[in-house]
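Read top to bottom, the protein sequences are chains F and W.
By the working numbering, the letter at position 71 of the first sequence is numbered 71, and the numbering carries on one by one without gaps.
By the working numbering, the letter at position 329 of the second sequence is numbered 329, and the numbering carries on one by one without gaps.
Simulated from the structure, these hints should not be mistaken for lab results.
These numbers were taken from a predicted model, which means no experiment stands behind them.
Careful: at least some of the hints might be erroneous.
Examples of chain F residues lying across from chain W (beta carbon under 7 Å, computed) [to be verified]:
#1 W7
#2 F33
#3 D73
#4 S83
#5 K101
#6 T148
#7 N149
#8 P195
Straight-line C-alpha distance at most 30 Å; calculated DSS-like pairs for lysine-lysine [to be verified]:
#9 F:K192 to W:K297
#10 W:K478 to F:K147
#11 W:K429 to W:K370
#12 W:K297 to W:K20
#13 F:K147 to W:K20
#14 F:K3 to W:K235
#15 W:K478 to W:K466
#16 F:K3 to F:K38
#17 W:K20 to F:K15
#18 W:K16 to W:K388
#19 F:K38 to F:K147
#20 W:K466 to W:K388
#21 W:K52 to W:K94
#22 F:K3 to W:K94
#23 W:K434 to F:K147
#24 F:K15 to F:K80
#25 W:K301 to F:K3
#26 W:K52 to W:K297
#27 F:K192 to W:K434
#28 W:K16 to W:K301
#29 F:K54 to F:K89
#30 W:K388 to W:K370
#31 W:K164 to F:K15
#32 W:K429 to F:K15
All C-beta atoms in this analysis are idealised placements derived from N, C-alpha and C, irrespective of residue type, glycine included.
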Amino acid sequence: MNKTPWWASESFWRKVAVWITGGMLVILIFLTFDTVKKITAGSSRVPAYSVINKRIYYRFNPERGFMEPVIGDDAPLFGKMLSEEEAEKLVSLGKMTIQAKNCMNCHTLLGNGAYYAPDLTKAWLDQGWGAESVRENMMVSFLMDPKTNGRGYGTMRRMPNLGITEEEAHGIVAFLKWMSSIDTNGFPNNFKTIPQEGDQ
Amino acid sequence: MSLLKFDYSSLTPGKKLAVKYFIVAIILFGAQLLFGLIAGAQYLVPGLFYNKLDFNVVRMVHINAMVIWMLYGFIGSVYWLIEDEAQTELVGYKLGNLAFWIFTLAVAVVVVVYLFIQIGPGNQTSLWLINEGREYIEAPRWADIGIVVCVLIFFYNVAATFMKGRWTGIAGVLVLDLVALAGLYLAGMFYTPNISVDQYWWWWVIHLWVEATWEVLVGCIMAWSLMQVLGTPRKIVQTWLYIEVALMFGSGILGLGHHYFWIGTPEYWLTIGGFFSALEPVPLVAMVVHAVYDAGKHDFKNRNHPAMAWLIAHAFGNFFGAGVWGFMHTLPQINLYTHGTQWSASHGHLAFFGAYASINIAMWYIAVQKLRGDVPFDSRLPHAWRWKSALALLNIGVLGMTMALLISGYEQSFIERAIEGSTWAGYFKAQTAKWFMQGMWWRQVFGYATALGYVLLVWDLMTIGKDVPQSVIEADRKERLHGQKTRG
Ligand code: HEM
Ligand code: HEM
Ligand SMILES: [Fe+2]
């Protein structure tokens with residue numbers, strides 16, 4: 001009987017498996033260090049939480065070929081300028097509420113989650129809130145009582161009342177505003193924003 | 001157990017544990033389908049259980065039941081095969097049994113809390129006691145810790161048994177893979193307000209589970225099953241296993257990047273994720289070739305036709321669900337429009353069913369044959385129409401749902417993502433489009449077919465092999481004595 005050629009032998013492929021796996025892991029770990037640095041709040045792609053003190057736009061960048069968030073002038077949320085710590089606390093309350101109320105099993109955030117309700121990545125900039133001047137309060141009252149303040153656009157699909165307190169609603173709005181400032185490489189594409197002061 | 005004519009008491013300790021895990025897996029599979037049907041119905045009748053059992057709760061139970069039943073199925077499968085592979089008895093039956101009951105009790109408590117408490121106020125206590133609100137790994141933190149402890153006990157049992165008995169190539173891959181699988185779970189156990197960081201690590205759990213460690217785990221199960229059902233030589237299955245590990249980890253680890261296109265992560269992931277994930281179908285093709293080649297080489301002769309059929313269904317399901325459906329939306333140029341639409345649900349259903357439900361079902365048939373006193377499950381099997389109809393209904397059901405979701409997904413991509421730009425109004429424009437809604441209806445219809453297939457499957461597992469005539473059992477025994485191991 002002829003011997004198994006080296007390229008068909010068990011020990012050769014075992015070595016290949018070990019080296020490839022190890023190599024890929026090393027690359028992934030290296031990339032992870034770089035990426036985590038670049039997505040820490042306060043970086044250029046993921047702004048600091050105090051960005052909620054500013055106006056946020058979503059504009060087409062011809063150089064990059066897609067839309068990106070642009071940070072504008074002061075536009076304090078609920079009329080109050082917050083320090084970095086205060087802002088983080090508020091955004092964190094929002095995030096925690098979003099987890100505790102299980103929003104992601106109806107909605108997508110950054111496109112991940114469930115498909116029963118609209119994507120919330122740019123919810124802060126949605127034209128559904130009518131005008132910049134009333135947006136914040138509309139969002140709060142919607143979140144606290146979506147049954148009464150919902151749209152449904154001709155469907156019966158509505159968001160349930162989740163027992164969100166006013167404080168939690170403020171946190172959620174802060175979180176949504178902050179999330180809309182994340183540079184997501186152009187997702188969602190072609191999103192049409194609410195008219196804001198300073199729009200060109 | 002005598003009522004069902006199960007031969008439980010003569011099983012070895014590992015196989016006894018395995019059967020327990022399988023039974024819970026089968027029950028949770030049923031729960032998954034039930035809640036899937038409710039979630040699907042809520043698309044069609046939006047007022048259904050409004051503010052009582054809302055879509056988010058139903059969906060959470062649907063996908064959590066799936067993750068847990070598959071983990072139970074895998075743990076059971078490993079317990080089932082380990083004694084044959086290590087050629088010794090399981091070392092820690094008592095400990096394993098204790099872990100089984102703790103795990104099962106924890107699952108029961110979590111489900112009750114999901115259904116009756118559902119949600120909590122926005123603070124850490126809710127995340128520790130009710131749910132963590134992160135898709136697939138919603139289990140509250142206390143349960144996470146419980147899961148880790150039970151998996152560690154399982155891991156100890158596996159490693160120690162191999163160490164005491166025979167250490168094989170399959171053993172080596174399996175043990176290392178289980179370390180990775182358990183370790184990855186830890187990446188999902190922390191809180192951060194930063195959604196980009198959150199999703200970065202969340203995908204480590206989800207993607208590196210289903211597209212790396214779970215794939216290799218089922219590779220091990222498949223390797224063992226092919227030896228078991230077909231009698232393929234060890235040298236061949238192990239060489240294949242190494243090739244599959246090399247290809248799977250070689251593409252799947254950096255393929256993780258296909259989830260890092262749009263979550264705030266740097267642009268280089270568009271290239272890395274697109275390139276490596278596009279290679280992920282390669283090992284899946286290799287697996288089909290392997291399974292079909294081995295089966296063909298043995299003229300498809302074997303003593304367990306239902307198990308063999310489900311193994312083949314696994315090979316193809318994995319290839320189509322993960323490989324083809326995954327590939328179709330994995331390039332960033334396409335994913336920009338399909339991301340987070342019914343398109344993803346289409347892929348998710350075919351991949352999870354094709355890759356992981358199917359191989360678990362194959363293992364259940366392997367186990368049930370033993371429980372029936374190792375009677376032949378071949379062409380002489382009475383009531384074979386039951387397993388065949390279950391196979392057909394489950395596969396047609398899931399395939400039908402997949403096609404329906406694909407059509408809805410395309411409509412949604414075109415209308416919501418491409419034309420309307422994913423606004424609130426744009427979302428509803430797509431949801432109300434005629435062809436989108438048609439897809440939702442067809443999904444429901446095929447969902448019922450799937451559920452019917454499940455009922456048949458359970459019935460079949462409870463009755464298969466009971467009425468094999470004594471003459472057939474005798475003939476089979478003689479055939480095997482004469483070295484004629486298999487029969488078509
Ligand atoms: C058995 C293996 C696989 C399973 C079980 C699986 C399952 C899933 C599931 C459930 C999702 C949706 C996740 C969510 O809820 O957000 C998903 C997403 C995705 N999968 Fe897979 N998958 C598998 C393999 C693959 C492969 C091999 C590829 C590529 C070739 C792939 C490409 C993708 C992509 C690009 C997404 C993101 C979809 C989006 O942007 O919304 N998958 N997968
Ligand atoms: C009785 C049949 C079934 C029905 C009616 C059904 C229905 C559903 C529904 C409505 C969703 C929520 C999708 C959304 O967010 O809009 C869902 C999600 C999901 N189901 Fe099912 N399902 C069924 C069976 C299955 C089976 C057999 C599997 C796999 C073994 C499965 C795996 C999944 C997965 C992985 C998701 C999450 C998908 C994603 O996020 O992309 N389902 N299912
Ligand atoms: Fe993936």
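Tested hints:
About 10 Å separates the beta-carbon of W7 of chain F from the nearest beta-carbon of chain W, more than 7 Å, and the hint is not met. A hinted interface residue such as F33 of chain F counts as satisfied when its beta carbon comes closer than 7 Å to some beta carbon of chain W; here the least separation is about 12 Å, so the hint is violated. With a least beta-carbon distance of about 23 Å to chain W, the hint placing D73 of chain F at the interface is violated under the 7 Å criterion. Below 7 Å, beta-carbon pairs count as interface contacts, and S83 of chain F has none with chain W, the closest being about 15 Å; its hint is therefore violated.
A least Cβ separation of about 5 Å between K101 of chain F and chain W falls short of the 7 Å threshold, and the interface hint therefore holds. Hint status for T148 of chain F relative to chain W: violated, with the closest Cβ pair at about 13 Å, above 7 Å. With a least beta-carbon distance of about 13 Å to chain W, the hint placing N149 of chain F at the interface is violated under the 7 Å criterion. Hint on P195 of chain F is violated. Least Cβ distance to chain W is approximately 13 Å, over the 7 Å limit.
Under the criterion of a C-alpha separation no larger than 30 Å, the hint pairing K192 of chain F with K297 of chain W is inconsistent with the structure, at around 59 Å. Restraint check for K478 of chain W and K147 of chain F: not satisfied, since their Cα atoms lie roughly 72 Å apart, outside the 30 Å limit. Taking the CA atoms of K429 of chain W and K370 of chain W, the gap is near 55 Å; set against the 30 Å cutoff, the hint is violated. For the hint pairing K297 of chain W with K20 of chain W, the CA-to-CA distance comes to about 34 Å; that exceeds 30 Å, so the pair is violated.
Between K147 of chain F and K20 of chain W, the direct Cα distance comes to roughly 45 Å. Violation of the 30 Å bound is thereby established for this hinted pair. At roughly 13 Å between alpha-carbon atoms, K3 of chain F and K235 of chain W fall within 30 Å of each other, so this suggested pair holds. At most 30 Å may separate the alpha-carbon atoms for a hinted pair to count; K478 of chain W and K466 of chain W meet this at roughly 20 Å. Taking the CA atoms of K3 of chain F and K38 of chain F, the gap is near 53 Å; set against the 30 Å cutoff, the hint is violated.
Simply put, K20 of chain W and K15 of chain F have alpha-carbon atoms about 37 Å apart, too far for the 30 Å limit, and the pair is violated. Of the supplied pair hints, the one linking K16 of chain W and K388 of chain W holds, its CA atoms being roughly 27 Å apart against a limit of 30 Å. In summary, the hint linking K38 of chain F to K147 of chain F is not supported, as the alpha carbons are separated by about 39 Å, beyond the 30 Å threshold. Distance check on the hinted pair: K466 of chain W and K388 of chain W sit about 17 Å apart at the alpha-carbon level, within 30 Å; holds.
With a C-alpha separation of about 41 Å, the suggested pairing of K52 of chain W with K94 of chain W is violated against the 30 Å cut-off. Among the hinted pairs, K3 of chain F with K94 of chain W is inconsistent with the structure: their alpha-carbon atoms are about 46 Å apart, more than 30 Å. In summary, the hint linking K434 of chain W to K147 of chain F is supported, as the alpha carbons are separated by about 25 Å, within the 30 Å threshold. Between K15 of chain F and K80 of chain F the alpha-carbon distance is near 61 Å, which puts this suggested pair outside the 30 Å criterion.
Our distance criterion of 30 Å between C-alpha atoms is met by K301 of chain W and K3 of chain F, whose separation comes to about 28 Å. Note on K52 of chain W and K297 of chain W: the hinted pairing is violated, with a Cα-Cα distance of about 56 Å set against a maximum of 30 Å. Restraint check: the Cα-Cα separation between K192 of chain F and K434 of chain W comes to about 24 Å, which is no more than 30 Å; the hinted pair holds. Between K16 of chain W and K301 of chain W, the direct Cα distance comes to roughly 28 Å. Compliance with the 30 Å bound is thereby established for this hinted pair.
Proposed proximity of K54 of chain F and K89 of chain F is supported: the alpha carbons are some 17 Å apart, at most 30 Å. For a cut-off of 30 Å, the pair hint linking K388 of chain W to K370 of chain W stands: about 20 Å separates their Cα positions. This hinted pair checks out: K164 of chain W and K15 of chain F have alpha carbons roughly 25 Å apart, not beyond 30 Å. A C-alpha spacing of about 54 Å is found between K429 of chain W and K15 of chain F, which places the hinted pair above 30 Å, so the restraint is violated.
In the structure shown, a violation is registered for the earlier hints numbered 1, 2, 3, 4, 6, 7, 8, 9, 10, 11, 12, 13, 16, 17, 19, 21, 22, 24, 26, 32, in ascending order.
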